[in-house]
Amino acid sequence: MSILKVKNLDFNYSDKQIIKNLSFSVEKGDFLCIVGTNGTGKSTLIKLILNLLKPDSGEILLYGKDSKNFKQFDKIAYVSQKATNFNAAFPATVEEVVSAGLYSKNGLFKFKKSTDKQQIKKALDTVGMYDFSKKLIGNLSGGQQQRVFIAKALVSSPEIIFLDEPTVGIDMKAVDSICCLLGDLNKKHKITIIMVTHDISSILYHANKVLNLSEDGHIRIISAEDYRNETISEHYRHDKNC
Amino acid sequence: MELLSYGFIQRAFLAALLISIITPLIGNIIVLKRLSTIGDALAHAGLAGVAIGLCAGLNPILSAVIFSIAAALAIEYIRRAFYRYSEMATAIVLSFGVGIAAVFSGFVKNSADFGSFLFGSIVAVSQFELYMVVILSIIVCIVMIILYRELFYITFDEEGAQLSGVPVKKVNFLFTLITAVTVSIASRTVGSLVISSLMTIPVACAMLISKSYKSNVVLSVMFALLFTISGLFISFLYDLKPGGTIVLIGIFVLIILLPFRRKN
Ligand SMILES: Nc1ncnc2c1ncn2[C@@H]1O[C@H](COP(=O)(O)OP(=O)(O)OP(=O)(O)O)[C@@H](O)[C@H]1O
Ligand SMILES: [Mg+2]
Numbered sequence: 001m002s003i004l005k006v007k008n009l010d011f012n013y014s015d016k017q018i019i020k021n022l023s024f025s026v027e028k029g030d031f032l033c034i035v036g037t038n039g040t041g042k043s044t045l046i047k048l049i050l051n052l053l054k055p056d057s058g059e060i061l062l063y064g065k066d067s068k069n070f071k072q073f074d075k076i077a078y079v080s081q082k083a084t085n086f087n088a089a090f091p092a093t094v095e096e097v098v099s100a101g102l103y104s105k106n107g108l109f110k111f112k113k114s115t116d117k118q119q120i121k122k123a124l125d126t127v128g129m130y131d132f133s134k135k136l137i138g139n140l141s142g143g144q145q146q147r148v149f150i151a152k153a154l155v156s157s158p159e160i161i162f163l164d165e166p167t168v169g170i171d172m173k174a175v176d177s178i179c180c181l182l183g184d185l186n187k188k189h190k191i192t193i194i195m196v197t198h199d200i201s202s203i204l205y206h207a208n209k210v211l212n213l214s215e216d217g218h219i220r221i222i223s224a225e226d227y228r229n230e231t232i233s234e235h236y237r238h239d240k241n242c
Numbered sequence: 001m002e003l004l005s006y007g008f009i010q011r012a013f014l015a016a017l018l019i020s021i022i023t024p025l026i027g028n029i030i031v032l033k034r035l036s037t038i039g040d041a042l043a044h045a046g047l048a049g050v051a052i053g054l055c056a057g058l059n060p061i062l063s064a065v066i067f068s069i070a071a072a073l074a075i076e077y078i079r080r081a082f083y084r085y086s087e088m089a090t091a092i093v094l095s096f097g098v099g100i101a102a103v104f105s106g107f108v109k110n111s112a113d114f115g116s117f118l119f120g121s122i123v124a125v126s127q128f129e130l131y132m133v134v135i136l137s138i139i140v141c142i143v144m145i146i147l148y149r150e151l152f153y154i155t156f157d158e159e160g161a162q163l164s165g166v167p168v169k170k171v172n173f174l175f176t177l178i179t180a181v182t183v184s185i186a187s188r189t190v191g192s193l194v195i196s197s198l199m200t201i202p203v204a205c206a207m208l209i210s211k212s213y214k215s216n217v218v219l220s221v222m223f224a225l226l227f228t229i230s231g232l233f234i235s236f237l238y239d240l241k242p243g244g245t246i247v248l249i250g251i252f253v254l255i256i257l258l259p260f261r262r263k264n
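Going down the list, the protein sequences come from chains A and B.
Each residue of the first sequence is one higher than the last, beginning at 1 in the numbering used here.
Each residue of the second sequence is one higher than the last, beginning at 1 in the numbering used here.
There could be a bad hint or two in this list.
[Unchecked claim] With the C-beta cut set under 7 Å, the calculated list includes, among others, these residues of chain B facing chain A:
id : residue
1  : 164
2  : 207
3  : 213
[Claimed, not checked] If you want the footprint, here are the derived chain B segments under chain A, 3+ residues with CB under 8 Å:
id : segment
4  : 142 to 154
5  : 157 to 163
If you're looking for bench data, these hints aren't it; they were derived computationally from the structure.
In this text the structure is predicted, and so the values were computed from the model without any measurement.
Cβ atoms here follow ideal geometry from the backbone N, Cα and C, with glycine treated the same way.
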């Protein structure tokens with residue numbers, strides 16, 4: 001069974017058709033990259049899947065269930081494109097932010113102090129931010145904040161992680177380490193990754209599927225291998241204008 | 001210390017202390033959601049309720065509570081209509097409250113009664129009002145403790161909270177409700193014009209020096225207690241209006257703390 005199935009999905013913002021008759025599916029263990037130029041609806045698609053926006057028509061099934069009725073919040077995690085857009089003066093430590101990610105697991109009225117602490121440490125270790133636990137989130141650099149938000153997503157040990165351009169504003173070395181981290185989570189821990197990205201290297205080395213959105217509404221889902229071959233030949237075929 | 005042996009002063013102290021515990025608890029969420037002016041808007045709506053209640057011969061505190069709740073719901077509604085311009089919602093509701101209060105206060109027979117709601121009447125807290133404050137404080141404290149993580153998550157990242165299964169709408173509704181009730185009951189004791197300062201100034205002071213969300217909450221309550229206790233003593237000693245004195249002490253402390261703020 002596919003863990004995510006999108007069937008004939010349509011979505012408009014008032015006058016503008018963003019997504020037209022989109023169908024695809026994601027299997028457990030996939031690493032899907034969503035690519036496309038600015039404004040083609042990549043973030044919109046993720047929000048539709050997560051039920052933060054309502055489709056005009058079509059069907060989205062998460063674990064075989066309509067995403068409207070999906071309640072297994074601990075199975076999914078999301079790092080939004082605007083994650084680092086919070087109020088910089090917000091008085092919260094890295095640890096407090098990451099512990100919010102445990103909510104989906106613990107839920108209302110449930111406190112599991114000692115295991116919580118361990119899980120938070122593990123998640124922060126994974127992204128190399130444990131030394132910053134007690135620091136205020138607003139005092140970190142953009143890239144460090146982004147890593148903290150990835151830790152917040154990891155802390156509940158989800159089965160699918162959605163990431164919307166997680167590597168924007170991060171130095172090249174950190175991009176590599178985050179990509180390797182995601183590749184590792186995908187290969188070793190069988191976590192399904194669905195990621196919007198403009199970063200070619202993660203597509204080249206880690207993805208197995210690519211969903212390509214384009215402005216004319218033409219949508220293709222292809223294997224990462226085909227995408228690699230295409231982009232590479234495209235690079236060589238076209239004379240650059242600049 | 002002899003002051004504390006009078007019954008009415010004991011009641012005043014107890015009511016004021018309880019209010020200075022619960023207002024910063026609520027204020028933390030309000031300030032961090034960038035809705036600092038909501039307390040003002042609800043207080044003025046409550047004032048409209050007071051004016052109408054006094055005119056119609058109803059219990060003014062009860063009609064203040066009803067008006068504040070209606071105002072809080074209206075703010076939520078307008079806020080959704082003008083996404084990202086939430087301050088406009090509070091401005092509209094505030095003006096509406098002031099308008100009604102101004103018009104109806106003209107018909108209130110005993111204008112001193114109405115005036116006591118503006119700046120509060122800490123020294124004239126009746127036994128019944130003290131009971132109300134006690135019950136309210138217990139409810140607010142319980143709600144804020146039980147919903148601590150939910151409120152933190154929603155305040156920091158509402159979308160993320162929703163995705164983690166936080167019942168965002170229900171929590172927001174409950175929070176709005178207790179804010180409205182707190183504002184209207186507390187304005188009887190500390191005054192409509194002062195209540196919103198008690199929600200924001202202690203939080204502002206805490207934000208200058210706190211090192212975590214938790215310490216921010218704890219510090220803001222401590223600041224509020226400090227302002228209230230010293231404010232009450234000074235106002236009794238020099239025969240000043242207690243509400244105003246408390247606020248001025250808060251501002252004074254804020255100004256002293258400003259140079260020591262943590263670097264961002
Ligand atoms: N709230 C909104 N109301 C109306 N139109 C919107 C809204 N949000 C996005 N759009 C439009 O929908 C289109 C898709 O937006 P979306 O954010 O999904 O693009 P994207 O592919 O994620 O772009 P980027 O690469 O810049 O992140 C854009 O053309 C945008 O103008
Ligand atoms: Mg986007």
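Exercise for the section: Give me the numbers of the hints this structure contradicts, sorted from smallest to largest. Expected result: none
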